[in-house]
Structure formats: structure tokens, C-alpha cells
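Sequences listed follow chains L, W, D and G, in order. Heads up: the first sequence is residues 1 to 400, going by our numbering. Heads up: the second sequence is residues 1 to 400, going by our numbering. Heads up: the third sequence is residues 1 to 400, going by our numbering. Heads up: the fourth sequence is residues 1 to 400, going by our numbering.
Hints in this document: simulated from the structure, not taken from any laboratory. Heads up, a few of these hints could be off.
For chains that are exact copies, the list does not tell them apart, and a pair is met inside one copy or across any two.
In silico DSS-like links for lysine-lysine, alpha-carbon gap of 30 Å or less [as the list claims (entries may be wrong)]:
| no. | residue 1 | residue 2 |
| --- | --- | --- |
| 1 | K122 | K345 |
| 2 | K174 | K134 |
| 3 | K326 | K122 |
| 4 | K326 | K72 |
| 5 | K345 | K308 |
| 6 | K308 | K9 |
| 7 | K233 | K137 |
| 8 | K176 | K72 |
| 9 | K400 | K345 |
| 10 | K77 | K271 |
| 11 | K345 | K326 |
| 12 | K400 | K327 |
| 13 | K97 | K137 |
| 14 | K174 | K256 |
The structure displayed is predicted, hence computed values, not measured ones.
There are 4 protein chains.
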Amino acid sequence: MSFQYPEEKLIKLLTERVLKVRNDTIEICRPLKTEDYVLQVSDFASPAKWHLGHTSWFFETFILKEFYPEYKEFDSKFGFVFNSYYLSAGEKVARDKRGNISRPTVKEVYEYRDYVDKHLLKLTEFQIDDSNLKRLKYLLEIGLNHEQQHQELLYMDIKYSFFYNPLKPVFDSKSKVDEPDFNNEEVVEWISMEEGVYDIGHSGNQFCYDNELEKHKVYLNDFQISSALVTNKDFAEFISEGGYKNFVHWHDEGWKWVQENNIEAPLYWIKERNGWFQFTLQGIHPILPNDKLKHISYYEASAFASWKGLRLPTEFEWEAASGKFKKGSHWEWTNSAYLPYPGFKIAKGALGEYNGKFMINQMVLRGASKFTPEGHSRDTYRNFFHPYLSWQMSGIRLAK
Amino acid sequence: MSFQYPEEKLIKLLTERVLKVRNDTIEICRPLKTEDYVLQVSDFASPAKWHLGHTSWFFETFILKEFYPEYKEFDSKFGFVFNSYYLSAGEKVARDKRGNISRPTVKEVYEYRDYVDKHLLKLTEFQIDDSNLKRLKYLLEIGLNHEQQHQELLYMDIKYSFFYNPLKPVFDSKSKVDEPDFNNEEVVEWISMEEGVYDIGHSGNQFCYDNELEKHKVYLNDFQISSALVTNKDFAEFISEGGYKNFVHWHDEGWKWVQENNIEAPLYWIKERNGWFQFTLQGIHPILPNDKLKHISYYEASAFASWKGLRLPTEFEWEAASGKFKKGSHWEWTNSAYLPYPGFKIAKGALGEYNGKFMINQMVLRGASKFTPEGHSRDTYRNFFHPYLSWQMSGIRLAK
Amino acid sequence: MSFQYPEEKLIKLLTERVLKVRNDTIEICRPLKTEDYVLQVSDFASPAKWHLGHTSWFFETFILKEFYPEYKEFDSKFGFVFNSYYLSAGEKVARDKRGNISRPTVKEVYEYRDYVDKHLLKLTEFQIDDSNLKRLKYLLEIGLNHEQQHQELLYMDIKYSFFYNPLKPVFDSKSKVDEPDFNNEEVVEWISMEEGVYDIGHSGNQFCYDNELEKHKVYLNDFQISSALVTNKDFAEFISEGGYKNFVHWHDEGWKWVQENNIEAPLYWIKERNGWFQFTLQGIHPILPNDKLKHISYYEASAFASWKGLRLPTEFEWEAASGKFKKGSHWEWTNSAYLPYPGFKIAKGALGEYNGKFMINQMVLRGASKFTPEGHSRDTYRNFFHPYLSWQMSGIRLAK
Amino acid sequence: MSFQYPEEKLIKLLTERVLKVRNDTIEICRPLKTEDYVLQVSDFASPAKWHLGHTSWFFETFILKEFYPEYKEFDSKFGFVFNSYYLSAGEKVARDKRGNISRPTVKEVYEYRDYVDKHLLKLTEFQIDDSNLKRLKYLLEIGLNHEQQHQELLYMDIKYSFFYNPLKPVFDSKSKVDEPDFNNEEVVEWISMEEGVYDIGHSGNQFCYDNELEKHKVYLNDFQISSALVTNKDFAEFISEGGYKNFVHWHDEGWKWVQENNIEAPLYWIKERNGWFQFTLQGIHPILPNDKLKHISYYEASAFASWKGLRLPTEFEWEAASGKFKKGSHWEWTNSAYLPYPGFKIAKGALGEYNGKFMINQMVLRGASKFTPEGHSRDTYRNFFHPYLSWQMSGIRLAK
């Protein structure tokens, strides 16, 4: 997580980037009713209220407590409620019980945000020496990126909890981040890449996560990668030809997942007498055939590729070819497990828990989705999820 | 559930009793914040919002739809959300998922109540023939009693969900229904009852539930029953002498329950370095030794009785002796399983599901608690819970 | 469990009754292959090997260790393996893990039986004073009855484990205890009983269990009880008319049991294209319409009775009327919960765990089945099982 | 799974290799009692009887049914009982229920083996054309390797089931495959490897599995790998310095695994008052400090490496350096996920299910263990297990 940032003034970093991102979080939540903030319908999701509190707690704990002279916590018990997996930062509420806590109220959580933001802004008024200033900027950058990740999670978790309600409420009928795409069919081409050694990983002095480092060489065979993502029409064919009923395309664990959960279509697809529909943040609308398939698990992505006689690209193939294709609107599953790059080092202290501890049993996704905040991702960015999950906005790009 | 009600005018029944009880429900909820209404922290509890909606749905479904000419439902989808176990009245949300539903909002649920109440009041404006009027009054009486049961559940569920929050919030610092009792030690006496045939069950023309009928004869041996409930001091002794560590006092299933859940004290007891405390709707306060023990499971009640070399009374002993002792402030576990009386008949239709379907694996409690609405219980009233439950305000009266 | 036994000589008691019963256990197991002895296909069943070892351990622990001078245990580790719920008698293997233990081998367990039997027989050679002799006879009687209970469990567990095998092996093609009954249809009559006080419970100086005491008076209303058990034909009608699909006949928990386990017919009924068949210890044979229905859970028995507009008798009604009807060939579910009689006392020590600790969440069955050893049951005998269980040979006698 | 085998005569292949391996399986089982063959103490293990039947079923199904004219199955129902994950080859008994089946008996399973072996030998008597002969030899080679894998599983499963027995029986006091190593401390060195492109994967015309292909190039950075495996003494230090109590060394899922299962030492380590002991197929013996650590999960291996400030090698590093170090006596965890090599192709038909379907959520192990049959493994061999498993004989080789 070390990076060389440009010579950016603290005041500019705070006002033009950090507080702007902080405000974006509030904007995302604007259509929510108070009751919506409390829901946790699965252990992999969190209540909106928790995201709001947790991101504030992050700035308070890792920045204000270190840099703000005689900082007074907003509420000393909030750490217990809003800590997540930072075990080194103290006890916490069990991950699957966050939806059982009604207090602090939404109003109090917004007051907490406000309190933290005001104190962040005041940081410019203190004398901070160069070495500390560098560290402060570094931590602000982390906090900003951390907040952006929770913005994406907010969309994911809100969508999932609204879907769970049998009344299927509409979040925001004008939501730009989850709208149907009425475009025509796209011409799909195979992009050819040559065998050889490629540079993989982040370089340059912009921010990146520790898991994108060290930059290193990877040897790739000849391969071809599709210029476009798989569409709803493509996947509807997989369904109608019995893709979910035939084990030969599935991993052993994928097949078990299909059987035990009676999976018959992607998450958010709803079968009505008059065809397939899709639940979105704008409400329910018909499946558009040329729209790109989204909310797909790795198991489904892999089975689909196998059914086509093709495969998913590795994350290295994806990164090597990324300059040659148009970026999709969803995260793209790769066939790479989430593992450390050569030379990967875990940072000291609580922030060191950020990435390395998740490097088991997860698969890498590349790209970015419409839920991803502007400027958050990049070609070397490594997103990761367990293979059975699909509440993230994930799609499929094929390779061979 | 048949009863001869006194000649009560419909308008009086509605305004002086039904709508008064309806309003009491709102009063109970007054200290809640919007977020509090959504919580369901266990599958045996329900969100406050659900109780409010369900009791309104009950009047709408079983009364307004039948008696209000051309009645227009407030929202046709509410039946799905607010139905409970009335399987004959249509599909419903799974019992353990009620806390995952944020919409309708609390405000909408209050509007629903208001809508239902206004229509109930208007029932007086229609011409209703005698036979229908009789049935209407009967159903209103059921609705009123049903609402009172949910008032008690509201207190139980609110207390349980607040306890679950690690911040242990205070519901109402002046709550009368869950306050410590600073009384002096009570003199406890054994009341002797003679062997013979006793009348058991409800008679007279006041309302009662179907499970209190038919009135019938029961033969009882000589027995003695305590004049008072067991106190905190009594039970603290059981704990300190290893009552929770010694299987000999426990039922086989009770012992398993203790082991698997690491039970070491009654629900709501909190051990601090300076002694035992108790969580209440007023907040946390020290255990008062002369206060009556409450929130005890049947397993604990039975183990305690066995440890004392005594036993719990049967529900028949309790009822036969009930005129001789001062009523306690909690429900009192009996050693009777919840089973039908001779001649018990299940009513036709959805209301018939009310009681009979629960007559398995539950134990009877008699009396009433501070959570019970004034006038709801009586000496023949049969409350019932599974033996492992203790979120109801239950205590112990011993017999021998 | 106190009783006045007739003046029976120790040698006679041992040779003519105890060792005879001990030998019957071996006869029951004769058709088993070594592999069959190890199976435990459910946590409520036990391996045949365990039954053989446990019954021997019972005699060794409660009799030989007390009465045989300087008795030397066959193997000091067997107590750990063959103890059941006698928590006071030391640690034990978890109930649901008994099938995971291959050693001691079947051969060793038979050697253990032989060792114990030989030492039991030698008890006649020692000088035992009157008071001890009385206690010894009492314990032998308990051991004998305990062994008989395990004989019935052996049949139940063997049948259940053979059914579990997809190859549906035949236990014994000539087994008398589970053969089809080719009798003609029986004339069924209603036996009328008059309201009044009846004596319930065991009296006389023959052996009985503690749960049959004290003899006490019970007041019964007028009732009628069927002269015969429900037949397969009766129940087939219940099935074909949708009995398993209609919640109105079921307890709430019974309905959940039906749903969660997809129950569509009694245990051991197998639907083939050409009709219903039944798995028995003799193998698979067609359902005979006039044969008495067996292996039915309490939930099913109760739902069937409700569907007929009738009910199950209480255990008191059953006992009061038992002289008036022909005994069935199966245990008969009653609508009584298994609870203590007035004056019930738990014996001191490990044997006191025998019955009282199970007096929760179980329903009483009366009568006896073809799996029950000759002479083991009587009209006051109280068998009991959880309402969802049906691997015992249980049937239905109706009342109204 | 394609390979160029040397010009080996069928008769020689059958008698000198296939039937020899088949016989080795029987030798492994020789110390077992009949009862031992039935046990399945975990869903990841299988009964010995099942391994014996399954390996015979494999030869019968994929070879005899294709090549033996008018082959008559030993028993047509065995396919149901002895199939494993070959979904294309028909229905099968659920994986976690294999221990619930006592028939066919052990004797019958041995007769089945004998029947299959006799028919295999007779294959030499038939006229088989060249192309078929090639395929037959290929399938025999697969069957042989498949049987060897089950030989290793037999040792693993037997050890695990004997450990589960509270009596801790001895399998074979002279077992060579699980004996303590009394050697002196080994000098450990760091072997240095240079950055560059390395060839990975199998080449040559000897047998290999499909997952070892295609041979391809991998770019490796400079790295160092230990000349020897981690010892018991090394790991005892990790324990005594609180390695199992400190989350910082663990993956998030590893830490959860430690917490939920109360892991405090490697599988088979037993703490006694006088120190650590180890359960082996020879019985229980003291932990020898210089003996190589074995039966370790990936989570533990990774946490140990992190605690040392080191790491596990990737499978590519391991293979590239494998010529430079002495092979250990256990499988060695790598930090590589089990994923397909470039150009990996799944074979058509049931045999195609062999490897590819497991390529998710598993980590690669390299080397071989004392449980591995002579000649079964090679430097390109890729073994794989879920990260929480440790009943395989796995150890740790460190890298940096």
C-alpha cells in the first residue's frame, strides 16, 4: 500500500477529494427510508446504517485519533458497533448480527459522520511535520478508497435487501447505476494476444492497494479474449438448453450449490408467465436480450464458458489485454484465485489486515461496475469474491 | 370460543373497549424510535412494526371484509406481509424473516391502523341483523383479546431486542411494567388443599378462549401450594450451589439446553464484578433479593423445584387453589402439558387455528404478568410456551 | 420402582428368567452379519453391537460390581463405550457417534456377554444377607426389564438401518415379529365408558416401573373407544384424499415436520407404479388393506383422527377401558403427554435417571407391539416417544 | 490424460503392474477386523469396504464392460453403492452416508474383487485390434493409478477412524508407513533459485494426469526454498508462543476455523500431563522433536510461515527447484490454488470428471508421503485438498 502521491496540498486533498467522496456516500443513501437503513438480510451483506457508521469510524480510528490533538471520540461505544474485521482494533459485533441493532439511530449516525467530517477539515489548522504529513495523506487516501469500496457495497446491499422484500419496492426509479441498456446488439470479436512475458501489477506513483504489488513478470501463452461481455440473450440460451440441469459443465462444488439452492437462473431474474424479468434498483423490468448479463456467480460464469466450449481468462491475460478492449459495465470474473503477487508484503498494524487475510478460497474479478465510484478502479485493480456470490455486479468475458 | 356476552351496545363495545385497546397498543410503542420497529432478533420474536400491522390485518380480514359493505382494503399486499399462522387466510412471509422487510414503513403501518380503526367505528352506521350482529360482536371480542395478546408480545419482543444490542439501550426509564420491586421479604406459607373432585375450566357468560372449555371435573390428591412466588434470592442460591452444573435436577432435554447454550443464569441476568444485575425496560439495575424471580424457562423452573425437593403444581392444582393465594406478578409455570380439555372443539375456518394447533410440546402457565393488559387474564386462562423459552415474564410457584 | 416380588429363589430368578432373557437377545441378533452390528443410521437409533454391550454393562455396573466379591471388570474402558444416559455413572460416547466405533469387535462383545452371564450365575454361590438379597433381586428384575426394552429397540434399530440401505436387504424371511397379517376385515365397534372416577396406575406386588406409580384416581367424562386399531385401508384413504396436503388436520409443528421432511406416507411405505408396498424385516411386500397400520408418528396419528372427526384417547381413558377391548399388535398413541403421576418419586442414584428425566415433550403410548418381548408390558405400562418418531411399531386406536 | 506409453505387452501390464497393485490394496487392509471396514467417521472419509468395492467397480465399469465380450456384472446393484462422483455413470449413494450400509458384506466385496481380477486377467485371451488395445492399455493405466490413490486414502481414512475411537486402537504395531523417525536433527539450508522462465508440467511418454498438462512456461522471480521440511520442534515453538491464539498470522477463514473448532494443535497431537503425544497407525507415541511435522492443514501451514516471517512456495517454485532438494516424507503445501494449466482439456465421458471439476477452493500439494504407493507420484504431480483438511499426511517446506 505504499505509493508516491503527487504533491497535493492537504487542504485540496481534503476538500476536493476526501470530503467530496464522503458526501457521495450520503447522496447514495438519499432515497432510503429510515427503516431501510437497518436491514441485514444475509450474513454477507451489512445494513446501510452500518456502512455509514463504519466508514466514519475508519477515519476516526486511523486518522483523527492519531493526528487530531486531544481528539474526543464522538461515542466511545461506537467502535464496538462499527468495527468490521479489524481484529487488532478491538472487539466487535458478530458480522451476521449487524441487522439486530437499532441504536444508534440513523440520525445519530449522520451526526457522527458530520462530527468526523468537521474534525477532518480542521486537520488543516494544525502544524504537522513533513513525515507525519506524508503519513496523514497516505491514510486519507486509504480512507477515501475504503469509503469508495463501501459505496459499492451500499448499492449491492440495498439492492439485495429490497429484492428480499416480497413487495419488491423501488429504490429509485431514476437510478443511473442499475438501469436497463436499450442498445443494439454489439459486434463481438476475438482479440488475439501473443505468447510472451508480460508486466503485471501496478507501477507509477498513483495510489494502489497492496494486493496490486509488486509489479512482476508473467509468462503467457497465445490466447484470444472477447471484445465484449456475454449478453442476457447468450445466457438465456444456456438456461433454455438445460445448462442448470447438466452437471458436466459445473465444478463439483458449483453443482452442489445449484442443487442445494435450487438455482435455475441468475440472481434477480424473475420468471413470469410472459417471460423473464429482472429486479433492479429502478424496479422490475423485462430482460433486454442485448443487455450485458450481470449478477452472476463464478460457478455460473465457469459453467457457461464450459458449455460454450470456451473458458474464462486468467487475471493476467485480462490485464495484459486490457488496453485492447472496451471496458464492460460490470466486474468480470477471471479464472485466477486471489493470491499474493511475488514480493507481496502485509503492512504493519490494523491496516495490514486489509487484503492479505482474504487470500484464500476467493476468485479475482477485474474491471469495474456501474456501482463502482468514478476513478476508484484501474486495470491493475484486483477485486475478489467467493465463487458462490453474485450480489456484486459481475459479468462474463470469454477467452480461448 | 363460544360465549354469552352481556347485552352490550355495539357502539359501546367499539368505543369503550375495542378502540381503547387499539389505542393502548400505540401507547406501548410510544418510546420506540423508527429503527426499533424493524428488529427481529430471534425467530420466536417479531418486529414491533409487524405486531402493529398484524393486529390491524386481523380486524380487516375477519371483520371489515365480512361486515363493512364494499370494504376496500388499505393495501391488498399487506395480507402477505402481516399474516401470521393463519394458513387458511393465504400465503405469508416466513416467520423468521419478518425482520428483513423495511417496507411498508412505520408511518404507513400507522396509517393502516388509522384506516382500519375509522372503518371499524363506521360499522355502527350500517344496518346489521341480529344474527350477524351477534357474530360481529363475537369477532370484535376475539379481535380485542387477540390485540391484547400482541400487546404482551410487544413488551416481550422489545425487551428481548434491546437486550440483544451490545449498547443495552433504555426503552423507557419510567416503564411501570418492568420495574424493580423494593418490597420487604414476604412471608411464605403452604396452602393445603384437600383430595377430591374439582371443577376445572371456564363457565359463565364472559369471554374465554376455546382452550378453557369444556368445564369438567378433575380428581386431585391432597397437595400443598406456596402462597408466594420464588424470589431472586432463592434462585441465586440455586446458582451459587451449582444448580446449573448438576444434571441430576434437570430433564434430559433441559440439560442438553443448558450445555449447548452455556446457560449459567436466567435470561437478563448479567454478572458484573460487583454482583448480579438485571436488564429491564428501565435499563440495567442490581438484582433485588426479595424481588420475584422472572424470565425463567420451564427447564429452569423444574430444575429449581427438583433441587428444593419440591415440584411445580399442575395447572389443575393451580386453578383449584387459585382463590387461596395472592396472584403473582408473573406467569407461573405448571407441570401440565398444553392439551385439550374433554369436549374441546376446534372452531371452523381460520379462527379455528387459534389454539388447538399448538397443543403439542408446550407447557401451561397460569396467572398473568405485568406485561399482560389489565383484564385480559383470569383464573381459567391457559397460557403456554415451549419449555426452553423465557422471554415471557415467567416465574415459579412451588407445590408439594 | 419399588415392588413386592413373590418369594422367588435367586437361582430360579437367574436361570429361568434373567439368563433366559439374556439369551433371547442373542437369538434376536442371530440373522445379523458382523457388519450389520456396527450401523447407526440416525441419532435416535443405536448399533446392535452397542445394545449387546450396553445391556451387559448394565448388569456389570449395577449388580456385579455391588454383589460379586472382588469382581474384576471384563474391560475397564467398556464403561465409556457402553454407557448411555446414566450421567452419574461416568463419561460416555456421544449418543450420535456410537456408529463410528468399530472396536471392541462383535466377537469381543459376545465374550463380554458371556463373561457377565457366567458371573451372574455364580452369584448364587455367595452368602448374601436378607436385605442385600432383596436388593439384588430387585436389581436383577430391573436389569431383566431393561434388557427387554433393548430387545425391542434392537428390532426397531435393525429394521430402520436395513431400510436405509438402498439394496433393501432382508433381515429374516421368516421373522415372526414383522410379518403381514392376511386376516379378513375386522368388525369395529365403539365401546362406551361411563363418566366417573377411575383408578389409574399400577398396584399389586408384581414388577412395574416408577412411572406407573402412584396408583391414583382420575375423573373421566363419558367417552367411547374403538374396539380395533386403524387399518392400512383406512389410512390409504387419508392419503388419497389429500391428508398430507391439508394443514387443517395437523398440529403447527406436525405440519412443519411434514413440509420439511416431505412426508407423504408412513415410514416404510414405498410407492411403486403398481401400488403401495411396505418394507419389513421379512423384506418388501404389498400393503394388505386389512392389516393394522403401523410405524406412524403422533403427528400422523393425530392428523388422521382429526380428519375422521374423531380423536385419540387419553392414556387414562385407554387404561380405564383396556379390559374391554382386544389388545392390538402395536403400541397405541394416546393424547397424553408423558408426565409424572401424583406422588411420583425419582429413585436415588443412577437408576433414578431411568424415567423421570424424559418427562418432557414426549407423548404416551399404551399396549405393546410384536417387537415387545412376551410378558414385558401390562395395562398400566407407559411407553413414550417424541411426536415425530415412528420407528417404533406404533398404531392408532380412535376415541370420541 | 493422454500419454505415450512404452511398448508394454498387455499380459505384462496386467500381471506385473495392474494385478500387483490390486493385490497391494488387499495387503493394506490385512490388519483390519470386519467391523473396521464399515466406518465412515466424517463426510470427507469413506469406509474401507467402499474403497475396495469402488476400485473394483471402476475396472468393471470402464474396462470390463467395454472390452470383455458379453461381460456379466457381478451384481447390477453394486454400481449404485460403489460409484463415487462419476455422475455420468449413474445414481449413487450420498457421499456422507456410505458408512450406513452394511451390505454387501466385506466377504462379498472381496469376492467382487476376485471376480473382477479374474476377468481382467482373461482379457489377454481375446482378440483386440490395435486401436482398441491402445485404449485398453490407457484405461488400465488409469485404473491402476486410480487404485493407488485409493490406497493412500485407505491409510488416511483408517487412521482417522481409529483416532476417532475413544479406545484409540492400534492398527498395526509394525506399520512402516506411519512410524516415528528417530533421526538426528537435519541441517537446513536455503536453496537459491534464479529469476527467469521455467518449464512447468509433464513431458515425456510416461503416464501423467490431465492436470499436469500442458507443459508450459512460467516466469519466476528470484527465490529461496528450504532444503528440508519443518519439524515437530519448530511447530511446538509456534504453539508455545501462542501461534494458535494470535489472529495476525491467520487468514480470515483460517482464524474462523481455529475458533469454531477450538484448534490448539495439529490433528493427531494429544496433550498429556507429561507432554505431547501423537496418534499413529502404530499406536500412540511421544512426539519426536526432529521428526518432520505432519497432518497439518493449509491454514496452519500458512500461519506458521507467516509467524516465521517467511512464506510457502508456489507450486511452480516447488517444481522448478524440486531437483535441488531431498524429497520429504510428506505431501508439501504450496501457496498455489488448484487451477488448470494453459491448454488444459477435460476428457470426454465419465473419466473426464476426474480432475477438472475439483479446480475450485483447493490448494496444491506437491511431493508424496509415506502413505503414497511407490512410483505413484512424480515432480509434476499435483495433489490438492481443501485448506482446512489435514487427514492427509501433509507437511511444510518454507520459502522466501
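Hints, verified against the model:
1. K122 x K345: neither (33 Å within a copy, 61 Å between copies)
2. K174 x K134: neither (41 Å within a copy, 53 Å between copies)
3. K326 x K122: neither (42 Å within a copy, 62 Å between copies)
4. K326 x K72: Close neither inside one copy (48 Å) nor across copies (54 Å); limit 30 Å.
5. K345 x K308: between (39 Å within a copy, 14 Å between copies)
6. K308 x K9: This pair counts as neither: shortest intra-copy Cα distance 52 Å, inter-copy 40 Å.
7. K233 x K137: neither (47 Å within a copy, 45 Å between copies)
8. K176 x K72: For K176 and K72, the Cα distance exceeds 30 Å both inside one copy (39 Å) and across copies (37 Å).
9. K400 x K345: Intra 33 Å, inter 12 Å, cutoff 30 Å: inter-copy only.
10. K77 x K271: between (46 Å within a copy, 20 Å between copies)
11. K345 x K326: between (32 Å within a copy, 29 Å between copies)
12. K400 x K327: within (18 Å within a copy, 36 Å between copies)
13. K97 x K137: neither (34 Å within a copy, 44 Å between copies)
14. K174 x K256: neither (38 Å within a copy, 41 Å between copies)
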